[in-house]
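Engineer: Heads up: the sequence lines are chains A and B, in that order.
Counting from 11, one number per residue, gives the positions in the first sequence under my numbering.
Counting from 851, one number per residue, gives the positions in the second sequence under my numbering.
No wet-lab data here; the hints were simulated from the structure.
Values in this document were obtained by computation on a predicted structure and should not be read as measured data.
Certain hints may be false.
Have a look at the derived ranges for each label pair, beta carbon to beta carbon [as the list claims (entries may be wrong)]:
{"#": "1", "chain 1": "A", "residue 1": "R87", "chain 2": "B", "residue 2": "R911", "range": "38 to 44 Å"}
{"#": "2", "chain 1": "A", "residue 1": "D36", "chain 2": "B", "residue 2": "K918", "range": "14 to 20 Å"}
{"#": "3", "chain 1": "A", "residue 1": "S77", "chain 2": "B", "residue 2": "G891", "range": "36 to 42 Å"}
{"#": "4", "chain 1": "B", "residue 1": "K918", "chain 2": "A", "residue 2": "T30", "range": "40 to 46 Å"}
{"#": "5", "chain 1": "B", "residue 1": "K855", "chain 2": "A", "residue 2": "E62", "range": "45 to 51 Å"}
{"#": "6", "chain 1": "A", "residue 1": "N105", "chain 2": "B", "residue 2": "I862", "range": "37 to 43 Å"}
{"#": "7", "chain 1": "A", "residue 1": "E62", "chain 2": "B", "residue 2": "G891", "range": "47 to 53 Å"}
{"#": "8", "chain 1": "A", "residue 1": "E69", "chain 2": "B", "residue 2": "K918", "range": "20 to 26 Å"}
{"#": "9", "chain 1": "B", "residue 1": "S860", "chain 2": "A", "residue 2": "T119", "range": "43 to 49 Å"}
By construction, the Cβ of each residue, glycine as well, lies at the ideal position given by its N, Cα and C atoms.
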Amino acid sequence: NAGVTQTPKFQVLKTGQSMTLQCAQDMNHNSMYWYRQDPGMGLRLIYYSASEGTTDKGEVPNGYNVSRLNKREFSLRLESAAPSQTSVYFCASSNSGTLPFFGPGTRLTVL
Amino acid sequence: QQQVKQSPQSLIVQKGGISIINCAYENTAFDYFPWYQQFPGKGPALLIAIRPDVSEKKEGRFTISFNKSAKQFSLHIMDSQPGDSATYFCAATGGTSYGKLTFGQGTILTVHP
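Construct the complete structure from the given sequences, taking the supplied hints into account.
Structural biologist: Structural data, given as structure tokens:
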């Protein structure tokens with residue numbers, strides 16, 4: 011029982027490159043989330059998926075896309091990375107009426 | 851617009867002392883207020899949470915105090931230990947999806963032995 015797993019753990023990109031951050035949960039949760047963490051800003055919601063087949067924008071969605079592949083997996087894609095997207099990205103999951111459980115994070119640097 | 855404001859940014863406490871972190875929120879639609887603890891290189895982990903129908907919740911050495919009229923809540927860590935050294939985030943949520951959290955800026959707590 012791994013909880014929420016994220017790959018990769020670390021990534022360095024050049025400006026303009028694309029990449030996909032992967033997230034999977036084994037807790038049979040319906041909802042999944044992507045947050046970014048920046049110094050002095052706390053965590054901010056990028057996108058979320060309330061249930062399989064649905065996705066919605068959060069507070070800071072610009073420059074990102076998401077895919078809810080199935081109930082377990084929720085990916086975050088950067089089509090053309092920018093230095094402003096340098097951050098630590100956290101995936102989380104929850105069921106209705108419960109607080110989210112976070113993964114270990116992906117540290118992304120865009121040069 | 852920061853809907854949840856957290857202070858202080860950093861806090862240094864001696865072992866055995868009391869650590870106090872404060873948060874204030876603006877949105878009266880929030881109805882669930884968790885605190886998360888984060889160690890370096892790890893994801894945030896739920897520590898304790900409170901709903902606005904109670905003024906205080908205690909779990910071990912950790913207590914949340916809640917003042918609904920002032921729209922403020924705080925975390926008290928009693929008998930602080932070096933192992934409590936971490937970053938603490940307050941958060942707020944409401945409605946139908948408790949996973950949509952609005953976080954405070956975070957407080958880096960250092961407990962000296």
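Engineer: All the hints need checking, so say for each whether the structure fits it.
Structural biologist: Hints, one by one, checked against the model:
no., hint, in the structure
1, A/R87 - B/R911: 38 to 44 Å, "holds (42 Å)"
2, A/D36 - B/K918: 14 to 20 Å, "violated (37 Å)"
3, A/S77 - B/G891: 36 to 42 Å, "violated (27 Å)"
4, B/K918 - A/T30: 40 to 46 Å, "holds (43 Å)"
5, B/K855 - A/E62: 45 to 51 Å, "violated (35 Å)"
6, A/N105 - B/I862: 37 to 43 Å, "holds (38 Å)"
7, A/E62 - B/G891: 47 to 53 Å, "violated (31 Å)"
8, A/E69 - B/K918: 20 to 26 Å, "holds (24 Å)"
9, B/S860 - A/T119: 43 to 49 Å, "violated (24 Å)"
Checked against the numbered hints listed earlier, the structure breaks hints 2, 3, 5, 7, 9; every other hint is satisfied.
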